Amino acid sequence: MERRAAWELYVELVTRVSVVPLRADEGLLREALSSLYSLFTTTREVLRKYGPEVAEPKKQGQYNFGYLAVAILNYGLRPLLAHWHPALEDWENRRPADRSRRDHEEAWNRGDDLRTALRDTRVVLTEYADLLASACGVPNLLQAVPTDLV
Numbered sequence: 001m002e003r004r005a006a007w008e009l010y011v012e013l014v015t016r017v018s019v020v021p022l023r024a025d026e027g028l029l030r031e032a033l034s035s036l037y038s039l040f041t042t043t044r045e046v047l048r049k050y051g052p053e054v055a056e057p058k059k060q061g062q063y064n065f066g067y068l069a070v071a072i073l074n075y076g077l078r079p080l081l082a083h084w085h086p087a088l089e090d091w092e093n094r095r096p097a098d099r100s101r102r103d104h105e106e107a108w109n110r111g112d113d114l115r116t117a118l119r120d121t122r123v124v125l126t127e128y129a130d131l132l133a134s135a136c137g138v139p140n141l142l143q144a145v146p147t148d149l150v
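Going by my numbering, the residue at position 104 of the sequence shown is 104; the numbering climbs one at a time, nothing skipped.
Simulated from the structure, these hints should not be mistaken for laboratory data.
Only a predicted model underlies this, so the values are computations on that prediction, with no experimental measurement involved.
Some hints could be false.
Each pair of labels, with its calculated beta carbon distance range [stated by the list, open to error]:
| id | residue 1 | residue 2 | range |
| --- | --- | --- | --- |
| 1 | Arg4 | Ala117 | 28 to 36 Å |
| 2 | Phe40 | Pro139 | 44 to 52 Å |
| 3 | Asp25 | Glu45 | 27 to 35 Å |
| 4 | Phe40 | Arg4 | 48 to 56 Å |
No residue lacks a Cβ here, since even glycine has one placed at the ideal position from N, Cα and C.
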């Protein structure tokens with residue numbers, strides 16, 4: 001049961017901007033934050049689906065799935081989202097009607113800082129993804145990402 005729960009969350013992590021790099025010339029920062037935010041809903045669903053058994057203590061101090069899932073949310077994602085979601089939203093609310101979302105976002109003087117924060121968060125989430133891969137008993141699927149993107 002714990003292995004299946006870990007697999008479900010692992011798939012979510014390794015197929016999103018959470019661990020797949022976002023190049024400077026691609027994507028919208030809003031879409032990246034929304035993708036990361038949606039991990040809260042997904043993770044909560046997985047935790048509810050598999051129940052308290054996935055949070056039971058393990059022998060020899062090993063992490064259980066429940067611990068990893070909550071750590072991903074509270075330490076991997078929440079700091080980034082709590083800071084950057086409102087900052088980006090404030091900027092988005094200033095968009096003139098005649099300017100595209102992309103052009104307005106690219107004009108934001110904090111965009112590069114947010115991209116740096118996304119990269120830093122990706123490092124943390126990649127470590128969590130590695131732990132989930134181990135819990136699933138699968139190889140690191142992130143090796144499928146070309147090294148020039150990392």
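* **Violating hint indices (sorted, rising)** => 2 and 4
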